[in-house]
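Q: Numbering of the sequence shown is given in my numbering, commencing with residue 2 and proceeding in unit increments.
For the record, the hints were derived by calculation from the structure and aren't laboratory data. Since the structure is predicted, the reported quantities are computational estimates derived from the model, not experimental observations. The beta carbon of each residue, even a glycine, is placed where N, CA and C say it ideally should be. Keep in mind that the hints are not guaranteed to be accurate.
Subject to a maximum C-alpha distance of 27 Å in a straight line, what follows is the list of computed BS3-like cross-link-like pairs (lysine-lysine) [unchecked claim]:
1. Lys190 to Lys281
2. Lys166 to Lys76
3. Lys242 to Lys281
4. Lys301 to Lys265
5. Lys242 to Lys190
6. Lys217 to Lys250
Computed beta-carbon distance windows for the label pairs [claimed, not checked]:
7. Arg86 to Lys270: 32 to 42 Å
8. Asn174 to Lys227: 47 to 57 Å
9. Tyr236 to Asn174: 34 to 44 Å
10. Leu264 to Thr162: 21 to 31 Å
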Amino acid sequence: MSRHQGSSGKGKSSGRGQDKNNGSTSGRGRDHAKGKSFSRGNAPMRKVTKDISKPAPDKKASVKKSKPDEIRLNKFIANSGICSRRDADMHIATGSVTVNGKIITEMGYKVRLDDDVRFDGARINPEKKAYVLLNKPKGFATTTSEGKGRTVMDLVANATTSRIKPIGRLGRNSLGLILFTNDEALMEKFTNSKNGVPRLFQIELDKNLKFEDLKKIQDGLKIDGKLVTVEEISYVVGESKNQIGLKIKNTGSSIIRSIFDHLKYDIIKIDCVAIAGLTKKDIPRGHWKHLTEQEVNTLKMLS
Numbered sequence: 002m003s004r005h006q007g008s009s010g011k012g013k014s015s016g017r018g019q020d021k022n023n024g025s026t027s028g029r030g031r032d033h034a035k036g037k038s039f040s041r042g043n044a045p046m047r048k049v050t051k052d053i054s055k056p057a058p059d060k061k062a063s064v065k066k067s068k069p070d071e072i073r074l075n076k077f078i079a080n081s082g083i084c085s086r087r088d089a090d091m092h093i094a095t096g097s098v099t100v101n102g103k104i105i106t107e108m109g110y111k112v113r114l115d116d117d118v119r120f121d122g123a124r125i126n127p128e129k130k131a132y133v134l135l136n137k138p139k140g141f142a143t144t145t146s147e148g149k150g151r152t153v154m155d156l157v158a159n160a161t162t163s164r165i166k167p168i169g170r171l172g173r174n175s176l177g178l179i180l181f182t183n184d185e186a187l188m189e190k191f192t193n194s195k196n197g198v199p200r201l202f203q204i205e206l207d208k209n210l211k212f213e214d215l216k217k218i219q220d221g222l223k224i225d226g227k228l229v230t231v232e233e234i235s236y237v238v239g240e241s242k243n244q245i246g247l248k249i250k251n252t253g254s255s256i257i258r259s260i261f262d263h264l265k266y267d268i269i270k271i272d273c274v275a276i277a278g279l280t281k282k283d284i285p286r287g288h289w290k291h292l293t294e295q296e297v298n299t300l301k302m303l304s
């Protein structure tokens, strides 16, 4: 008996090594036959050719970074309450919007909060409207400029995140009410030279005001060739004649000093005690309050 033909069948190929159809050796068997063994851990790797002639794109360079203080123009308009973003795009396309005096029709154009953005000629503001009334003490300048020492902006720094500004001015040593807002329309109402908003001052002079001088102020004075008028003037009831009540629509207090300087009186104190019906009640010196909705509406209805 040949050693390859034993009855035990040890010389025959096993079923695992044969193809079911023709008994040929499978791929796995062929590899074993060639003396190669490919387990999962040492399977042959395909060669991958890399084209190094083209540099990989710089992802950082391809992404344009947006500045944190910039927003899309349509969002700026929508936040101002004019219209929706979609409608804002339509108005931008038709040339109804300007930024810093230039008509913008570009979709996706970005602006900063301090840019001069106008819709049909009227300036708009995307911030929430804020109205703050301050009872100013002495020693604070009425300015938004830095480097001026202590200013009224220091006193209202924590009142709101909106960028409010004072309407009108009080001298550094003057006292009383100042209104702050970011409402452009209301600012225009206050600073309009024709209409304006009345402010009531209590003034202390270095001496009693003569009745004839009171009449001169009441009738209007010519100072440096310009007629200066007031709304009302009177003595303060129950006080000496050096205590004067004066109502004007001018937004500053320098005109008051001009009037009394012209008549040879020195001013000891100027105190703004009311602005268009708003008073210092419940506002201690150096403190502020937010106007109520009713107070804001009253101001807006003033002609």
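Q: Determine for every hint whether it applies to the structure shown.
A: Results for each hint:
A hinted pair counts as satisfied when its Cα atoms are at most 27 Å apart, and Lys190 with Lys281 qualifies at roughly 21 Å. A C-alpha spacing of about 23 Å is found between Lys166 and Lys76, which places the hinted pair at or below 27 Å, so the restraint holds. Between Lys242 and Lys281 the alpha-carbon distance is near 23 Å, which keeps this suggested pair within the 27 Å criterion. In summary, the hint linking Lys301 to Lys265 is not supported, as the alpha carbons are separated by about 38 Å, beyond the 27 Å threshold.
In summary, the hint linking Lys242 to Lys190 is not supported, as the alpha carbons are separated by about 34 Å, beyond the 27 Å threshold. Our distance criterion of 27 Å between C-alpha atoms is met by Lys217 and Lys250, whose separation comes to about 18 Å. Range check, Arg86 to Lys270: Cβ separation about 52 Å, and the 32 to 42 Å hint is violated. A hinted range of 47 to 57 Å is violated for the C-beta pair Asn174 and Lys227, which are about 25 Å apart.
With their beta carbons about 23 Å apart, Tyr236 and Asn174 fall outside the hinted range of 34 to 44 Å. For Leu264 paired with Thr162, a C-beta distance near 45 Å fails the hint of 21 to 31 Å.
The structure is inconsistent with the numbered hints 4, 5, 7, 8, 9 and 10, although it conforms to all the rest.
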